[in-house]
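**Q** Spelled out, the chains give:
There are 4 protein chains.
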Amino acid sequence: MRYAETDQMGVVYHANYLIWMEVVRVEFCTALGFRYRDMERDDKIFLVVVEANCRYLRPARFDDEVVVHARVKSANTRVVQFEYEMRLAESDELLLTGWTKHLCVGADMKAARLPDRYRAMFGLKSSA
Amino acid sequence: MRYAETDQMGVVYHANYLIWMEVVRVEFCTALGFRYRDMERDDKIFLVVVEANCRYLRPARFDDEVVVHARVKSANTRVVQFEYEMRLAESDELLLTGWTKHLCVGADMKAARLPDRYRAMFGLKSSA
Amino acid sequence: MRYAETDQMGVVYHANYLIWMEVVRVEFCTALGFRYRDMERDDKIFLVVVEANCRYLRPARFDDEVVVHARVKSANTRVVQFEYEMRLAESDELLLTGWTKHLCVGADMKAARLPDRYRAMFGLKSSA
Amino acid sequence: MRYAETDQMGVVYHANYLIWMEVVRVEFCTALGFRYRDMERDDKIFLVVVEANCRYLRPARFDDEVVVHARVKSANTRVVQFEYEMRLAESDELLLTGWTKHLCVGADMKAARLPDRYRAMFGLKSSA
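Chains as they are written, first to last, in the numbering used here: chain F, 1 to 128; chain Z, 1 to 128; chain R, 1 to 128; chain S, 1 to 128.
By construction, these hints were calculated from the structure, which means they are not laboratory data.
In this text the structure is predicted, and so the values were computed from the model without any measurement.
Treat the hints with care, as some may be off.
Claimed, not checked - Okay, the calculated bits of chain S under chain F, using three or more residues with CB under 8 Å as the criterion:
{"no.": "1", "stretch": "23–35"}
{"no.": "2", "stretch": "43–51"}
Stated by the list, open to error - Calculated lysine-lysine pairs in the DSSO-like style (CA-CA distance at most 30 Å, straight line):
{"no.": "3", "chain 1": "S", "residue 1": "K44", "chain 2": "Z", "residue 2": "K110"}
{"no.": "4", "chain 1": "Z", "residue 1": "K44", "chain 2": "S", "residue 2": "K73"}
{"no.": "5", "chain 1": "R", "residue 1": "K101", "chain 2": "R", "residue 2": "K73"}
{"no.": "6", "chain 1": "F", "residue 1": "K101", "chain 2": "Z", "residue 2": "K101"}
Even glycine gets a Cβ: it sits at the ideal position worked out from N, Cα and C.
The shape of chain F in the complex, shown without the other chains (with noise of 0.2 Å):
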């Protein structure tokens, strides 16, 4: 963890870890197969955070190496739902479970069918 990600408490700032659950996100898309920003570039399609959820069961500190692992819960053509478990590299502790909920928009902010490719990665069946 950065720095500029601890607080005056010595640990890191709790806003942060939704900062990390979306870096974790962006590669999971890579991991998957694609580049979030294409998605957002080429086809006009966003995943905007409509709901948060983090629970903070031990603090991490400045310079800790974290593990997040990250999965996608459920998902359907409008929504998606990622899944956060965060832990200590060196001792495996867990620090934080999380969730984020997506909804599926384009450029214009409305809510948009997530086009079948992504919707395949994502692990749903194509709409055949």
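Since the structure of chain F is already known, use the hints to place chains Z, R and S on it.
**A** What follows is chains Z, R and S alone, placed relative to chain F:
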């Protein structure tokens, strides 16, 4: 909302609302009759966030004035839960509902009892 | 200053002062008679930061009230430079001096001329 | 760069580069042979930022890979100055040049001498 708080979708980045909740908790404590920083400094009592939840209903944008309402939803000698509502000042549209749960800890980061005078202010009966 | 703005040294993290400068620039524009966001939205004119300098003299702490003074140091049709001074409200102690240099660009991120009415407000003679 | 680091102009918000400089300083110390956090924790020595300067040449965007070069520009027993260059990994285009000046302080936030072993690593002769 600040320019720094926007992201490339042109709206306020979702993690920033947790920061706004914290800003409002501090003001809430002041309205109750104490400064949050004095509780930390003088009593070595910290209200660490152990869970947080946000439902994002509409996005805020740069330079929008946002009104945040906070209240104590529940409290006991160890845990305090706050609830929040954020609305656009101009239109009164609801932007966000959320809550945070806080554990009372001492300087050693171990669970502690919330001192009587704070409990009274948070709407609890004093431990007489 | 916000809790989120502190770091583990118990003081405000140095990058946050750049954000405060931006907050004050926006207020400065409002005081001059226009909203910064309207300049972006209606005129597609953006004042991008091309250089920034901060001298940190004393640290600010959580919940300190900080007074920020800003002024236009120099301006021409393409570049505007702001200067800042931040002081503790309580003691008037100087915390920071700094400046930012801004290039006027259009929506295409290419250099543009600052429209006359903004130039007049920034203290320049109109291009009559 | 992270999504959280962008602003509504679609580019990385300028204050975030100071955070990247700090991330790189920490890595730089590791490369020199010590962990920055151990210097703080074990020696109670802190390198506080007393001045910072950034020249922004081109904007970075979300998901751009950025390569940051840092070096010690000058150092004595009380002050260390770092220089930075950031480039787009893909094209090698220069995004930013900057520097930060750090004062060596103790836990009391008063000026202190940089211990010999760190001075040696920062390229100074040991005080023999």
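**Q** Going back to the hint list, which numbers does this structure go against?
**A** As far as the earlier hints go, 2, 4 are violated by this structure, in ascending order.
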